[in-house]
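Asks: Using the UniProt record's numbering, the letters of the sequence shown map in sequence onto residues 1 to 711.
Everything hinted at is true.
Here are the simulated lysine-lysine pairs, DSS-like style, with alpha carbons at most 25 Å apart:
| no. | residue 1 | residue 2 |
| --- | --- | --- |
| 1 | K174 | K268 |
| 2 | K278 | K247 |
| 3 | K174 | K278 |
Derived CB-CB ranges, DEER-like:
| no. | residue 1 | residue 2 | range |
| --- | --- | --- | --- |
| 4 | K422 | E295 | 23 to 33 Å |
| 5 | H507 | E678 | 41 to 51 Å |
| 6 | K456 | S677 | 34 to 44 Å |
| 7 | A388 | K132 | 54 to 64 Å |
| 8 | N133 | D638 | 58 to 68 Å |
None of these hints come from the bench; they were simulated from the model. Cβ coordinates follow ideal geometry from the N, Cα and C atoms, glycine included.
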Amino acid sequence: MYALEITCPIGMENVLEKELHAEGLTQTRLGEAQVKLTTDLEGIYKACLWSRVGTRVMLPIAQFKMESADDLYNGVKAIDWSQHLLVSNTIAIDCHGTNHHIRNTQFGAVRTKDAIADYFVAQTGERPSVEKNQPDVRIAVRIKRDVVTVSVDLSGESMHRRSYRQQGAMAPLKENLAAGLLLRAGWGVDSDLKQLIDPMCGSGTFLVEAALMSLDIAPGLRRQYWGFKGWKQHDHRLWQQLNDLAKNRKKDPESLGIRFQGTDREQKAIAAARENIKRAGLTGLIEVSMSPFQEHEFIVDEAQPGLVITNPPYGERLGDEMALIALYRQLGEWVVKHAHGWQFMMLTSNDHLARQIPVRPEKSTRVINGGIECRAYQFPVLDANIKADAVAQSVMTPGAQMVANRLQKNLKKMKKWAVKNKIQCFRVYDADMPEYAVAIDLYNDWAHVQEYQAPKSVDPEKAKQRLFEVVSAIPSALNIAESNVVVKHRQRQAGKGQYEKLDQSQHEMIVEEYGCDFIVNLKDYLDTGLFLDHRPVRKLIQQKADGVRFLNLFCYTASASVHAGQGGALTTLSVDMSNTYTDWARRNIELNEFSERDHTVVRADCFEWLKQSRDEFDLIFMDPPTFSNSKKMADVLDIQRDHGDLVRLAMARLAAEGELIFSNNYRRFRLDDDLMSEFDVQDITRSTLDPDFERNTKIHQCYLIKHKSVP
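Please construct the entire structure, taking both the sequences and the accompanying hints into account.
Replies: Listed below in structure tokens is the structure:
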């Protein structure tokens, strides 16, 4: 008999034990994220072949105390390895855990490998070879405080890999966790449930696992690699017999009488789902469609019980959460309307979003999905569990409806103008109603929402409620997906705020403007990489750029330089002190296929660069921040105080017939009177505001400055 440790996802221990019992493996004991099983060789094979929930099947072969690194070596070398492998076998060592003596897992793995090699050298004069990928025998070493457990990994690799999934959507759910949740929800080979719907199916994991379960197809049948195949006690004939029995258990799909349906609005997800379904041999049994669940016509048999199960977006940040509230409400309302009498299970990490479902959950299970702590909520969709205000929730509040009406009116007006001018990004709302103090910009089919800082006199809860109303109004009013609404809180600009990094997630897309392509990032920074209010300024630069030498100071992501290049500039030079934005600038220039030789980006303090430069330019654009105290600068920049010096330094680099376009977004800015007498200065602010910024005429101030002509 063998004493095994079968690991599983946290929260699935009871489910794993139940499925082992169903295969006659009843000598079990629950542990944390594992089930201990005492069984024979046939039981080992059954656990590997039939466990849908298990992660690995481990056979502990030794346990000892360790008070030094030598104790690890000596303890491993003392094991009778000839019982488990031949010297001709390849091995791999996985080490987990550290203590005062083994301070990193790589060192622990090396000491273990040395001990095994020395054991065989002493026995045979030879040593086994190391093979990290699919070795004959995989050995696991677990260090917990001063205790070491050495095991043979009989599964060889994680059993969640079923061989059907070669690709996934944005955040694929592991197959064994999906199977465990299905079993927890009541799905199974002998279940009374006859319909399964995943309204946000992603790469189709729930659907595939449910179909394999209903067909009674062993999850381990398709796997070619197992850790026990190189194990010395492996019985190939017995394993083959069990495989043959498993193949004979498969049910006829025609006799199932079960319908599997899934939808997702992302083309990439549906393409992955279809490929996974094909690889699993389930084409024709599972139906997936690229469409929002709110609009899809699912085929539902009201006389048959069913299960709705899904893993929607979680909203790991505040803005995401608010954008997803409408999605979760719509999901709950859809379930109440279309799946009455069914079971509904939803996996999410966000309790607040879970509460948007208008059904009281019966139970919830804590699990870890992709390193995120989540809960799987089970909702019986019965009258007794449906909240009284479920229907009322589907109606917008008066405030949200008011915002929606304004958005629809603005969009109708702006859309014609944007299409005519081939503009993909524009502002559709800018605090039109003062109590709803946000700016909303459209980037193709994404909405970028910036909440202005509310005065202290406004109750924070009231402000939050108004923001929720705005967010709930956007998807229907602008005809975009709930998940395509990005919300940020914008305070009055101070210090380096405009360059603040919000996340590490690289949410990038490419947009077009007047024949130029730009990389924008709606989520990771406070600003997106493209100042929409400067669109007319960039167009002006493009018109003036033919044959000129162009200088872009405080260049940000060099969008003005790209326009200059598109307009025929001989050279462009873009200067900014931010590593992030100079890298971004280079990528924008490369995206538009301009050469680095003629279109250069320099990381430098613009003040210091101007003081040292002796180059001459025909056209200069300068859009400095209102205030900056970056550590990379020699001094603090205050645009009202310092703009005179900046302009004079820039004019020193401007050719006699050249032009300087000077802009800034300080609302109370006043141009230095001395500059008016020193140079020809023209205020062009009004002509640099497109229709989408007519309500916010102080968003920037812009001047065209030339040298005075010599009489």
